[in-house]
Every structure is written in C-alpha cells, then in structure tokens.
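K.L.:
Sequence:
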Amino acid sequence: RSRARAEQARRDILSRGSCNSSIITESQLPIIELDLCSLRSVRTAAAQVRREYPRIDILINNAGLMMGTQQFTDEDGLDVVMQANHVGHYLWTRSLLPNLVSRRDGVVLNVTSSTYTYASHMDVTD
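Numbering (the working numbering), first residue to last: 1 to 126.
Check the hints yourself; a few may be wrong.
Quick list of simulated restraints, FRET-style, between CB atoms [said to hold, decoys possible]:
hint	residue 1	residue 2	range
1	Q71	S113	26 to 32 Å
2	R104	D76	29 to 35 Å
3	R51	Q71	30 to 36 Å
4	M67	T25	34 to 40 Å
5	S120	Y53	39 to 45 Å
6	S2	M66	16 to 22 Å
To be clear, the hints were calculated from the coordinates, so they are not data collected in a lab.
It should be emphasised that the depicted structure is a prediction, and the values quoted were computed from it without experimental measurement.
Glycine included, C-beta positions come from ideal geometry on N, C-alpha and C.
All chains should be built: construct the whole structure from the sequences, respecting the hints.
P.N.:
Dropping the structure here:
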C-alpha cells in the first residue's frame, strides 16, 4: 500500500529471525513498488521483476479494493475497483508469464475475499 508499510512489514519479518529453519536476510525480501491502479506502474514493476528474477516458481496475487462509489483512475480512465482487482492483476500476471513458464511447474495463485457475496447483481451494461 505504501513503501513505508512495505518496509515495516519487512522489518517485522526480519525481527522474527527465521522461517522454515532458514535465516532470512534483507536482500531476500526486496521491495518492488507496484500500483495496480496504474498500468504504467504495473509494466515498470513487471519489467524490474523479469530482469531481477528470471525464474519465478510461484506468483501470489493478493491485493484488492472495495469502494462504495464508482471512481476512475486518472491515468488510464478505468474503473478503480475493476483495474485494481482485475485489469492490474491480469497485466501483472501476463507480463510475468515468461518467467513463470521457464519452469514447467510455475504456479499462479490468485487470492480473493468474500466481498463478492455483497453484490446482489452485476450490471454488465454499466
């Protein structure tokens, strides 16, 4: 959500000292900035990941947004919720596929919430 929160999360993980009996170092927890509401940001972050990590074993998409009123992104002109929850993830995953398929068993995991249960209907003409 922000670089400051990412850095705090990294400090929290590092302060725990170990994971699966392995010591985790700061270099093993890089922070890559990504704003799913900006397709330019998604492309930039994906290019960085492709350069730095030629082989991706697993990609976990775990971000979502829920808003009461419809808003549009300034840069791309898309509905914010649709872009953050779907379009951004699609572009991110699609951009990283070459690094995932370099392993025959690369995995993409999309995490979602139960928020969809609040929708009574979807107006596909909107």
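K.L.:
Falls inside 29 to 35 Å, the C-beta gap from R104 to D76?
P.N.:
About 34 Å separates the Cβ atoms of R104 and D76, which means 29 to 35 Å holds.
K.L.:
Between the beta carbons of M67 and T25, is the distance compatible with 34 to 40 Å?
P.N.:
Given about 38 Å between the Cβ atoms, the range holds.
K.L.:
Is 26 to 32 Å respected by the C-beta to C-beta distance linking Q71 and S113?
P.N.:
This hint is violated: roughly 19 Å between Cβ atoms.
K.L.:
How does the Cβ-Cβ distance of R51 and Q71 compare with 30 to 36 Å: does it lie in that range?
P.N.:
holds (33 Å)
K.L.:
Starting from the range 39 to 45 Å, see whether the pair S120 and Y53 falls in it by beta-carbon distance.
P.N.:
Since S120 and Y53 have Cβ atoms about 42 Å apart, the given range 39 to 45 Å holds.
K.L.:
When you take the CB atoms of S2 and M66, is the distance between them in 16 to 22 Å?
P.N.:
Check passed, 18 Å falls within 16 to 22 Å.
Hint 1 from the earlier list is the only one contradicted by this structure; the remaining hints agree with it.
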